[in-house]
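Position one of the sequence shown corresponds to residue 1 (UniProt numbering), numbered consecutively onward.
If you're looking for bench data, these hints aren't it; they were derived computationally from the structure. Hints are not guaranteed to be accurate.
Think about it this way: if two alpha-carbon atoms lie no more than 16 Å apart in a straight line, the pair counts; the simulated EDC-like pairs of lysine to aspartate or glutamate are [as the list claims (entries may be wrong)]:
#1 LYS102 - ASP122
#2 LYS128 - GLU155
#3 LYS160 - ASP170
#4 LYS150 - GLU163
#5 LYS145 - ASP122
#6 LYS145 - GLU163
#7 LYS67 - ASP79
#8 LYS67 - ASP88
Distance ranges between label pairs, derived from CB positions [as the list claims (entries may be wrong)]:
#9 GLU163 - LEU65: 19 to 25 Å
#10 LYS102 - TYR74: 53 to 59 Å
#11 VAL143 - GLN105: 17 to 23 Å
Heads up, the beta-carbon is just placed ideally off N, CA and C, and yes, glycines get one too.
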Amino acid sequence: MFQKKRVNKLKLVDVSEDKAKKDNKNKKKLDLAINNRSKNVTIKPPTRSDIANNKKIYMDYEPLLCKEYKLKGYCGYGDTCKFIHSRDDYINENKLTKKHWKNSQESKEEERKVDVVIKKSDLCGVCKVPFDSDSTKKLIQLVCKHVFCKSCFMERLKNKKMECPECGSDSKGSMKPYRFA
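With the sequences and hints as input, model every part of the structure.
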């Protein structure tokens with residue numbers, strides 16, 4: 001009921017009224033700030049790249065295998081061990097990619113060695129025309145390493161005959177271009 005009054009140099013002012021005015025000003029500023037924020041900010045769903053970049057893995061152990069657990073099947077430290085408890089072989093990612101790269105290169109080299117050597121005097125298995133008679137013809141090689149004119153084999157594919165005309169193996173429609181060495 002009785003409120004304290006503050007004395008300014010020129011007049012007496014009620015403290016409660018002054019406080020209420022300041023609160024109203026602050027509320028108005030806050031409302032304006034919230035409204036401005038909501039107008040400028042558009043909420044977008046996360047994209048794939050955002051999700052992929054935000055993946056973080058926290059490990060509380062070292063990325064090495066516990067030797068004792070791998071050999072014996074138990075570890076004296078139990079759950080407090082800082083190493084991974086796994087009996088599987090752990091391969092570093094760099095070693096794995098190098099190993100995969102080396103294997104793929106070896107398989108490509110073997111594939112090159114196995115390629116059948118076709119002479120220009122050989123005949124197409126479908127139209128029985130020598131390959132050298134028309135140099136504009138494009139040649140294809142099937143999985144079974146037999147070579148045909150592209151136009152001849154495409155006609156067979158239109159008729160839904162996917163097997164090789166020479167050996168009868170299923171080509172599944174896969175072929176690659178062939179060039180004379």
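Hint check results:
{"no.": "1", "hint": "LYS102 - ASP122", "in the structure": "violated (36 Å)"}
{"no.": "2", "hint": "LYS128 - GLU155", "in the structure": "holds (15 Å)"}
{"no.": "3", "hint": "LYS160 - ASP170", "in the structure": "holds (12 Å)"}
{"no.": "4", "hint": "LYS150 - GLU163", "in the structure": "holds (14 Å)"}
{"no.": "5", "hint": "LYS145 - ASP122", "in the structure": "holds (14 Å)"}
{"no.": "6", "hint": "LYS145 - GLU163", "in the structure": "holds (13 Å)"}
{"no.": "7", "hint": "LYS67 - ASP79", "in the structure": "holds (15 Å)"}
{"no.": "8", "hint": "LYS67 - ASP88", "in the structure": "holds (11 Å)"}
{"no.": "9", "hint": "GLU163 - LEU65: 19 to 25 Å", "in the structure": "violated (50 Å)"}
{"no.": "10", "hint": "LYS102 - TYR74: 53 to 59 Å", "in the structure": "violated (37 Å)"}
{"no.": "11", "hint": "VAL143 - GLN105: 17 to 23 Å", "in the structure": "holds (21 Å)"}
Against the hints set out earlier in the document, violations occur for numbers 1, 9, 10.
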